[in-house]
Amino acid sequence: MIFLFGPLYSGKRELAMELLRCDAAELARRAVWDVQDLAAKSGDLPALAEELAKYDVVIATEVGGGVVPVSPDERAAREAAGRLNCLLAQRAETVARVFCGISMVLKGELP
Amino acid sequence: MMTLVIGGAASGKSEYAERLVLASAYERRIYIATMEPFDGECLARIEKHRRMRAEKRFETVECYTNLASVTVPPDSVVLLECVGNLCANEMYSPHGSGDRAAETILEGAARLKDQCGDMVVVSNEVFAGGSCYEEGTMAYLRRLARVNRMLADLADNVCEVACGIPVYYKGKEPC
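Chains as they are written, first to last, in my numbering: chain C, 1 to 111; chain E, 1 to 175.
Everything labelled a hint here was simulated from the structure, so no lab data went into it.
Since the structure is predicted, the reported quantities are computational estimates derived from the model, not experimental observations.
Glycine included, every Cβ here is placed at the ideal spot set by N, Cα and C.
Keep in mind that a hint or two might mislead.
[As the list claims (entries may be wrong)] Here are the simulated PhoX-like pairs of lysine-lysine, each with C-alpha atoms no more than 20 Å apart in a straight line: (1) Lys107/C with Lys113/E; (2) Lys113/E with Lys172/E; (3) Lys172/E with Lys107/C.
[What the hints assert, rightly or not] Derived, one-sided and incomplete: chain C residues facing chain E with beta-carbon distance under 8 Å: (4) Gly82; (5) Asn85; (6) Ala89; (7) Gln90.
[What the hints assert, rightly or not] Partial chain C-side listing against chain E, Cβ under 8 Å, derived: (8) Gly64; (9) Val67; (10) Glu79; (11) Cys86; (12) Arg97; (13) Leu106.
All chains, full assembly: derive it from the sequences and hints.
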């Protein structure tokens, strides 16, 4: 599994399509994105990470780099998203951060 | 050797910092805890970090303000966590140094660095989620950013942890 993460609209899905040499329709079958939203609703992050790791590419938008939110629910959601990212990065063969459409490989290598 | 570890929420920075401490040649591990237990959420967080340090033979020193008052032995490896709390404490606590928060923290860190064998400092990345906050928050962000830059200057190694993986901007992984 390849794990891609980065800020909002940084070109993560475009990179995924390039890596998988596929179009948007195929990407929808082989990849999953916005997993940060799934983290907030999950009661079992390791199980969620295990499930997500079955996809070829997993994509997360980074949400932990801002000011600590005042609302406890938002704080918990951000914590869950960060924790899920760590679990996904552990399971991934390749981890890359995407910034302005440019990828920086943090683990393994891109195909 | 001083290493500054910075990361966002739940980025894995604590786990990584602890790994650096365990890999240090110095075996006397001192943890400087900075979080004042205000409420249940703080207590839960303190408990989580306490569990992480359990059986790793850390001596815990609590320090909410005035870091320079802490003394550590020369054969120790110090884990200071985290600067974001310390900065808030210095700015808002009645015992804090207020406008001198950044300087107070830097003086304390420099003194610790001179005393101990190895030192790992954890701070927060809270600067990438917007640029328009009320003035009190902006003042805190300006101070913490200043502390981070000064600590990065003082440190031998500086990394950001993302998804549990360190990215070094200065120096290299010390072990």
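Do the hints match the structure? See the list:
no.	hint	in the structure
1	Lys107/C with Lys113/E	violated (31 Å)
2	Lys113/E with Lys172/E	holds (18 Å)
3	Lys172/E with Lys107/C	holds (16 Å)
4	Gly82	holds (3 Å)
5	Asn85	holds (4 Å)
6	Ala89	holds (4 Å)
7	Gln90	holds (7 Å)
8	Gly64	holds (3 Å)
9	Val67	holds (5 Å)
10	Glu79	holds (5 Å)
11	Cys86	holds (4 Å)
12	Arg97	holds (6 Å)
13	Leu106	holds (4 Å)
The structure fails to meet hint 1 from the earlier list, while all remaining hints are met.
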